[in-house]
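Visitor: The residues making up each chain are set out below.
2 protein chains.
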Amino acid sequence: MTAGLIDGKAVAARVRAALKDDVSAFIARTGVQPGLATVLVGGDPASEVYVANKRKSTVASGMADLHQHLPEDASQAEVESLLRRLAADPQVSGILLQLPVPAQLNAAPLIDLIPFEKDVDGLTTLSVGRLAQQKPGLRPCTPAGVIELLDAYDVPIEGANVVVIGRSELVGRPVAQLLVNRNATVTIAHSRTRNLAEVCRAADIVVAAVGVKGLITAEHIKPGATVIDVGIHRGPEGLSGDVDFGPAAEVAGLITPVPGGVGPMTIAMLLVNTLRAAELQYELAGAAATA
Amino acid sequence: MTAGLIDGKAVAARVRAALKDDVSAFIARTGVQPGLATVLVGGDPASEVYVANKRKSTVASGMADLHQHLPEDASQAEVESLLRRLAADPQVSGILLQLPVPAQLNAAPLIDLIPFEKDVDGLTTLSVGRLAQQKPGLRPCTPAGVIELLDAYDVPIEGANVVVIGRSELVGRPVAQLLVNRNATVTIAHSRTRNLAEVCRAADIVVAAVGVKGLITAEHIKPGATVIDVGIHRGPEGLSGDVDFGPAAEVAGLITPVPGGVGPMTIAMLLVNTLRAAELQYELAGAAATA
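Protein sequences, first through last, are from chains B and A. The numbering used here puts the first residue of the first sequence at 1, with every later residue one more than the last. The numbering used here puts the first residue of the second sequence at 1001, with every later residue one more than the last.
FYI, nobody ran anything at the bench for these hints, they're computed from the structure. Hints are supplied without guarantee of correctness; some may be wrong.
Below are the EDC-like pairs computed for lysine to aspartate or glutamate, each with C-alpha atoms no more than 20 angstroms apart in a straight line [unchecked claim]:
#1 K135(B) / D1112(A)
#2 K1135(A) / D112(B)
#3 K1222(A) / E198(B)
#4 K222(B) / E1198(A)
#5 K1135(A) / E283(B)
#6 K1020(A) / E1279(A)
From the derived model, a few chain B residues whose C-beta atoms are all more than 10 angstroms from chain A [as the list claims (entries may be wrong)]:
#7 E169
#8 L239
#9 I267
Just so you know, these numbers come straight off a predicted model, no measurement behind them. Backbone N, C-alpha and C define an ideal beta-carbon position, used for all residues, glycine too.
Just chain B, same shape as in the assembly (with noise of 0.2 angstroms):
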């Protein structure tokens, strides 16, 4: 392997570190604690995990763990009714809805009664708008994570040639608006597109967010580029991602290993998105004050 490796880890904890000190500015400066509601519907054994972590996180960086838990067989009416509680509650500065949620709800219009200034998933319709508009707001988690990476180890975005293969509402089109935004010259491929290989050649940045295990290999990348993995596989070896890491590795400049790459930017970048709403929260209630 002759690629630099990216330490999502390290660069998590150091996010998380920063975190913590500005969570503690922005109490000294307001008065207010930022709160997360997690809202987990049912008892999803993986979703369990997931929300356990992130209300452990939360609180680690000095922030409110305001967790909802609603039973397996609620109502779309019982969740809508939590939620604009929530979105109504000056304590609560975020709102996570932990997906997937039961079968007998519909999770877009759920989604979407989740104000932009409380998003911190980024995945209302009005948060998707608000990055494409490049208004305020809270962008995606992982999007956000696979940027913050870029610019902990310094490779240059602006005039960079990047591909980004998936066109995902999670992540590929949102990292494409995000990376655009950065004056990238971005190109979104995808499962259709031909001479996928000839295409991720021409990048100075490849974002594998396609969800097919290994896709991505030595002869998709130009030597001495940047690979940013964003998928996650468990196999009879243990995690992998669309990367086929070990050939890759010998080619690329720098490299995102699975795990311990872009995945503990997730949370953090959570945890960065919670303070965010609190402070746009703040931002908009004294601009509504004085209007």
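Given chain B, put chain A in place with the hints provided.
Guide: Leaving out everything else, chain A in the frame of chain B:
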């Protein structure tokens, strides 16, 4: 010149003729006549010409002209109040706030008072989000017109390499989204792109929407590629586009002229959007009635 000409005037005329039939069929089926409320604040001479054109075309399509005019010195509250009234009025299918508005007004919050199902310009934050999320909604007229031209000339979009030059809210970003949704591999290039000619020469389709007169020339175009010119510039020799037409037409396979290419499509797609808005509202009302 070796390229075939893409005749936007002819395509727009066909779109408008088909629309007229679709409007008649919609009225026969629902008893509802679609109506477009153009909103003009003040008397900017260019805006007056544009609005007059839109109103005339609306009537010619069999739809109702519900034009609204406010004085040059209208306050933010007066425009807001008019937009809220139009938003609530079931006779109004589409609302179009003619831009620019006079200097005392703040356009962005006014635009966002238009409900997505009446947003015939496709410019509200919610409409922009719905496009990125591929939810039903109204798409911006010029980008939709670009797609219509490609389809009219049977230019394959799926799997094609497309370079969009320009990342404006009005054209570059939405046309990129529409092309990704149609399974193209899309590169968003712009003023900070390095080696623009090389990037463009990889494209089967070039969409120039950068706002720089004659920037795109023969060296940017792969032989046989399709070139769509969204630019429009007034000069001593009349109108011209972002593409240096003469040299580009020696290399391209198909090319839009300026004028007579993308330009005529914009009003045609506005009319299509007005009918689509009426259909959307009819569907939403039906869904609400059966819910």
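Visitor: List in ascending order the numbers of the hints, as given earlier, that are violated by the structure.
Guide: Violated hints: 5, 7; rest satisfied.
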